[in-house]
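In order, the protein sequence lines correspond to chains A and B. Residues 1 to 381, numbered by my numbering, are exactly what the first sequence covers, in order. Residues 1 to 381, numbered by my numbering, are exactly what the second sequence covers, in order.
Hint data in this document are derived by calculation from the structure and do not stem from the laboratory. Backbone N, C-alpha and C define an ideal beta-carbon position, used for all residues, glycine too. One should not assume that every hint holds.
To be verified - Calculated cross-link-like contacts (lysine-lysine; reagent style BS3-like; alpha-carbon spacing at most 30 Å): (1) LYS255(B) with LYS235(A); (2) LYS314(A) with LYS26(B); (3) LYS332(B) with LYS314(B); (4) LYS286(B) with LYS317(B); (5) LYS81(B) with LYS158(B); (6) LYS176(A) with LYS332(A); (7) LYS26(B) with LYS5(A); (8) LYS255(B) with LYS26(A).
What the hints assert, rightly or not - Derived coverage of chain B by chain A (criterion: at least 3 residues anywhere in the stretch with Cβ under 8 Å from a Cβ of chain A; other residues may be distant): (9) 62-69; (10) 240-246.
Number of protein chains: 2
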Amino acid sequence: METKKSLMMLPGPTNLSDRVMQAMTKPIIGHRGPEFHSLHESILTNLRYVFQTENDVFVLTSSGTGGVYCAISNVVNPNDKVIVPVFGVFSQRMKEKIVSCGGNVVELPLKWGEAPTADQIARIAERERDAKILALTYNETSTGVTVRDLPEIGKIAKENNLLLVVDAISVLGGDKLPVDKWGVDICIVGSQKCLACPPGLAMVSVSDRAWEVIEKTAVRPYYFDLVTMREFIAKVETPFTPAVPLFYALDEALKMIREEGLEKRFKRHSICAKAFYHAVEALKLKPFPNEEVRSNTVIAVNMPDGVDNTELRKIMKEQHEVLVGGGQGELKKSIIRIGCMGNISENETIRTIDALEKALNALRYPVEVGIGVEAARQVFQ
Amino acid sequence: METKKSLMMLPGPTNLSDRVMQAMTKPIIGHRGPEFHSLHESILTNLRYVFQTENDVFVLTSSGTGGVYCAISNVVNPNDKVIVPVFGVFSQRMKEKIVSCGGNVVELPLKWGEAPTADQIARIAERERDAKILALTYNETSTGVTVRDLPEIGKIAKENNLLLVVDAISVLGGDKLPVDKWGVDICIVGSQKCLACPPGLAMVSVSDRAWEVIEKTAVRPYYFDLVTMREFIAKVETPFTPAVPLFYALDEALKMIREEGLEKRFKRHSICAKAFYHAVEALKLKPFPNEEVRSNTVIAVNMPDGVDNTELRKIMKEQHEVLVGGGQGELKKSIIRIGCMGNISENETIRTIDALEKALNALRYPVEVGIGVEAARQVFQ
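All chains, please: the whole structure from these sequences, using the hints.
Put into structure tokens, the structure is as follows:
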């Protein structure tokens, strides 16, 4: 099957720039030599900028899930009590990882579409005095929800001596997350989301407080042992062979982020998100999440009665060459999810809304074609 | 630092063809759609050809070490008895992985440069009647040794009801390893060695006998759970986001292997290896391993008195643009290692020997420049 270049509006992977794409074809180098050290150093420096941290940062050859598993398995011993708000597929997976490490999960179950609040976390921390870790999904990719109380939650975690592990896979680089300022001990991001890099890498930051916990963990998985990684990072190396072409791509992607600047980048994401939400409203559709916790990087939209999301996505892809995501888990049939990530701009936003309008129309949903695009344009003006 | 294109004669990563390199720049696709299914199917079909197996095969987004850890952690329960011949850095790492999973290691310690023999394995299997697994490094990358008795060892494993796990990271695709015929239950290869693909992927085959064991394993690591992978492979998917550009590269690399044919490919590797060994002899140097177990994919050569391997490698790299590896572990200073992998041909072989001769000469090792190249040329004629 020939791969036609479609507009990638999935909630990751996202569209790549030519610069990042071409970076992958640089000559392969040995990973124990000065060329790799220099590449790796450049990546680590720019990662600290993107994470807004002075903490140690690591690049893992794995998917984002590998990164989250790395974080969890390095801090959770059997029977450790871990607080986990569950409000979608990825926070559910967070819970599963903790269980697989023998952790004693204290679940904060929430309705999908909601986010945990600072109050809820404060109450559960008050009740569970012997909890060791708070494991939080900052941006729930499956529901399009961002935990807007994270700054406050960071303080609560610190006051209660909870280690704060944050899955920021689908948001870091696209929305605010000053890791040190907000007191995030371990933060994880994937390469293929807001960093606008190909999939295959996960990045993890580790605070001093986290190191104290990690060093005491009885069994850290061989491939994901952060203590081993720390030994190698001292010589700007990785313990095992890194995916060099993806390191090249990441280096280029991070350079582009520095050139743009984080603040401008966050603003660009939030404006495009706003345009999406206004268009959705103009089309008389309903975003899935509660208004105050809507994500700027994943736009989740309820399907109206009579519109099948599989058919809708098929028309958008085949007739308009725009790929958007379907739902996951219990939302499989009932929503679509649009990635608003990385290189997102007015152009991609308008093209996606245009495709959405036309596809809805083709499925006999009563929509005046152009009305969504118009609403979005007003946001950009 | 600008990355100049050197001849990569490390024991991996190895030189890439333009076809494989360019494949990485194909448009990124979603990993839950038909384009990915088609790409993945093509890879799996050709992997079965390269592994010479009817078993299930999986592509993991991780280094080769991740692949070996995956294999071990899916079959080793705490206190399971595992036989491990240790004869270099990578077989030592195999042991460490088993220990990290709580396994009860029965080590067969060997001198570095040797390989375990069928007799030794038969004796240890006879003695350790309750052993469950034999974990073998087929090609010890750190010493340039191949376990030539593997076909016989496969029979012994079967007779003794030992599950046979084989680390073939640096050899599969470059030398004989008919997985089914030799009775290998789990076989692991890395992308960046004899398959001539960039680093970042590991491939694993799993026999029916292995599945029986895996299903009973109490805790399989979340990221490396083969049972989850099997669920997803049924729909030609991976559980977590795959490194799509590397999948493209692997697909192209495997197509090139099929075009050449395995037998021709093995022959090409063995002729180049023979040329290397003849040249080494002509230069009055000594290969590190015992003669009967010398690898066709990693050529390990003792440094003569007075020649510093770091200086030698530096001259080869800086003056001749040829990268070879140094030693590892206890051999760090005493050997060099040349990769004879993937796209290796007469051209790369001669260029490497030429650089080696000249660098030795520059370090005042008494060598008639040209004598090694001449010996190699005779092999090719």
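Problem set entry | Broken hints, by number | The structure breaks only hint 1.
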